[in-house]
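Construct the complete structure from the given sequences, taking the supplied hints into account.
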Amino acid sequence: MFKKFSSEVSVSSKAPVKSSVQRQMRARIEEQMPSLNEYMDELLPKKEKVLVVKCEEHVSLLCVEKKMEPLFFCVRDGPYFPTLRLLHMFPHALPRVQVDRGAIKHVMKGADIMCPGLTSPGAAMPVELEQNAIVAVMAEGKQHAVGIGRMKMSTAQIREVNKGVGIENVHHLGDGLFKTITLS
Amino acid sequence: MSDLSDIESLDGGSAAHSDVEEQGAVDDGTAAVSYPLHVVYCGNCGLPPEYCEFDAKEFEARCKPWIASNCPWVYPDLFPKGSGGAVEENMKQLDIQDADGEEPKEKPGKKKKGDPEVLLALSTKKGRKSATVITGADLFGIKLDEAAKMFKKRFACGCAVTKNAQQQDTIEVQGDQRREAAELLRDQYNVPEYVIFIMEDKKSKVRAFP
Chain A
1 MFKKFSSEVS VSSKAPVKSS VQRQMRARIE EQMPSLNEYM DELLPKKEKV
51 LVVKCEEHVS LLCVEKKMEP LFFCVRDGPY FPTLRLLHMF PHALPRVQVD
101 RGAIKHVMKG ADIMCPGLTS PGAAMPVELE QNAIVAVMAE GKQHAVGIGR
151 MKMSTAQIRE VNKGVGIENV HHLGDGLFKT ITLS
Chain B
1 MSDLSDIESL DGGSAAHSDV EEQGAVDDGT AAVSYPLHVV YCGNCGLPPE
51 YCEFDAKEFE ARCKPWIASN CPWVYPDLFP KGSGGAVEEN MKQLDIQDAD
101 GEEPKEKPGK KKKGDPEVLL ALSTKKGRKS ATVITGADLF GIKLDEAAKM
151 FKKRFACGCA VTKNAQQQDT IEVQGDQRRE AAELLRDQYN VPEYVIFIME
201 DKKSKVRAFP
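Taken in order, these protein sequences are the chains called A and B.
Going by UniProt numbering, the first sequence opens with residue 1, and the numbers climb by one from there.
Going by UniProt numbering, the second sequence opens with residue 1, and the numbers climb by one from there.
Worth flagging that the hints you see were computed from the coordinates, not collected in a lab.
Here the structure is a predicted model, which means the values were calculated and not measured.
It is possible that some hints are incorrect.
Pairwise CB distance ranges, derived in the manner of DEER restraints [claimed, not checked]:
no., chain 1, residue 1, chain 2, residue 2, range
1, B, 162, A, 160, 51 to 61 Å
2, B, 163, A, 127, 19 to 29 Å
3, A, 14, B, 77, 44 to 54 Å
Just a sample of chain B residues kept apart from chain A, beta carbon distances all over 10 Å, derived [stated by the list, open to error]:
no., residue
4, 38
5, 57
6, 142
7, 150
8, 152
9, 153
10, 156
11, 160
12, 161
13, 186
14, 203
15, 206
Here a beta-carbon is modelled for each residue, glycine too, at the ideal position from N, C-alpha and C.
Here you go:
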């Protein structure tokens, strides 16, 4: 999704949001990622202005006006995803799956994650997840996440079918959004 | 199926690093560890250093030296632990390789892409009207909006700073002023003659002062 993203070209508008909207967004994020609750005051302080940066393809990014680092993004009114840099800082924000080593280079080029890459010996799916769940894609032998994805099937289905796309690659290491450190 | 703590234990990390991670795995980040974690990104490619190896070319040439001096523990195979001397030697070797290998590579690349030049092109507007588009003047320390004002006075015509398709700032002067503007850039702003080019038509680029 963010393969060709760049802050100069892809951004169409930046606007501060009303504080009521800000509260709503914060509530939704807290609901989705309860493990971030205690850090929300640091991430989106109540008193700071929060900007919504609208981009191509109905993507909007959230960031705090002072720092201008993208923190979360969502598509249309969809669920909020943390950016990879944020996920690296708070690795427990999302449930994890692990892909085997052979899959890493393809994931880093933006490929969706295929089922065999999730069921082979090097891979792991420690938690049972439903379809459409948002996951952190970890990699065999690596400490940090390689991408963020959305489950195309449930984990049970992945084990059963073991073919085709298992997780949609939403945001990965080295893509345009990852390279966008600040939006100024 | 392996437990996720495997992920952390596989990293051969420094004391501080693995400490933080192990705790994180044990109690899943509810206490003890202070979040946000501080994550190191490679100074060359911007990825976490453990992922540098997946871009083979860049890794050998540039990431490796950076990793050697900043976080050799990520690749225990390449930079064996406890042999500080070896690491330094490695680095020296790498430096030498760099000096040998990089220079010839970089120079032609730079010439093709990065050599600054001022380009004056004609773009057609509505009907039979045209405008001169000056790209690259900002690379020679010219303030574009001030220059635009000056052009307005000098040529008694409209002139503005606009963005072109590549998102570069350009000066757009109404009418065909390519020659005059080139002379002005040379005389008033001391832009060297040999960097000023004129587009005669869509394809042929000619030096303004042959």
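Task: Beyond 10 Å from each Cβ of chain A, as asserted for residue 38(B) - done: violated, 8 Å
TODO: Please settle this one: residue 150(B) was flagged as non-interface, so is its CB more than 10 Å from every CB on chain A?
DONE: Holds, because the least Cβ-Cβ distance between residue 150(B) and chain A comes to about 27 Å, which exceeds 10 Å.
Open item on the list: A cut-off of 10 Å on Cβ-Cβ distance, and residue 186(B) was said to be off the interface with chain A. Does that hold?
Closed with: holds, 31 Å
Task: No chain A beta carbon within 10 Å of residue 57(B)'s - done: holds, 13 Å
Open item on the list: Taking 51 to 61 Å as the stated bounds, is the beta-carbon spacing between residue 162(B) and residue 160(A) within them?
Closed with: Hint holds: Cβ distance 58 Å, inside 51 to 61 Å.
Open item on the list: Tell me if the beta carbons of residue 14(A) and residue 77(B) are separated by a distance inside 44 to 54 Å.
Closed with: Since the Cβ atoms of residue 14(A) and residue 77(B) sit about 45 Å apart, the hinted range of 44 to 54 Å holds.
Open item on the list: Is the claim that residue 156(B) lies outside the interface with chain A correct, judged by CB distances over 10 Å?
Closed with: Fine: 34 Å to the nearest Cβ keeps residue 156(B) off the interface.
TODO: Please confirm whether residue 152(B) is truly not at the interface, meaning its C-beta sits more than 10 Å away from all C-beta atoms of chain A.
DONE: holds, 27 Å
Task: No chain A beta carbon within 10 Å of residue 153(B)'s - done: holds, 31 Å
TODO: Evaluate the condition: distance from the CB of residue 142(B) to the nearest CB of chain A exceeds 10 Å.
DONE: Its Cβ never comes within 10 Å of chain A, the nearest being 21 Å, so this holds.
Task: 10 Å cut-off, C-beta based - residue 161(B) kept clear of every residue in chain A - done: Fine: 16 Å to the nearest Cβ keeps residue 161(B) off the interface.
Task: Check on residue 206(B) being off the interface with chain A, judged by Cβ distance over 10 Å - done: holds, 31 Å
In summary, the numbered hints that this structure violates are 2, 4.
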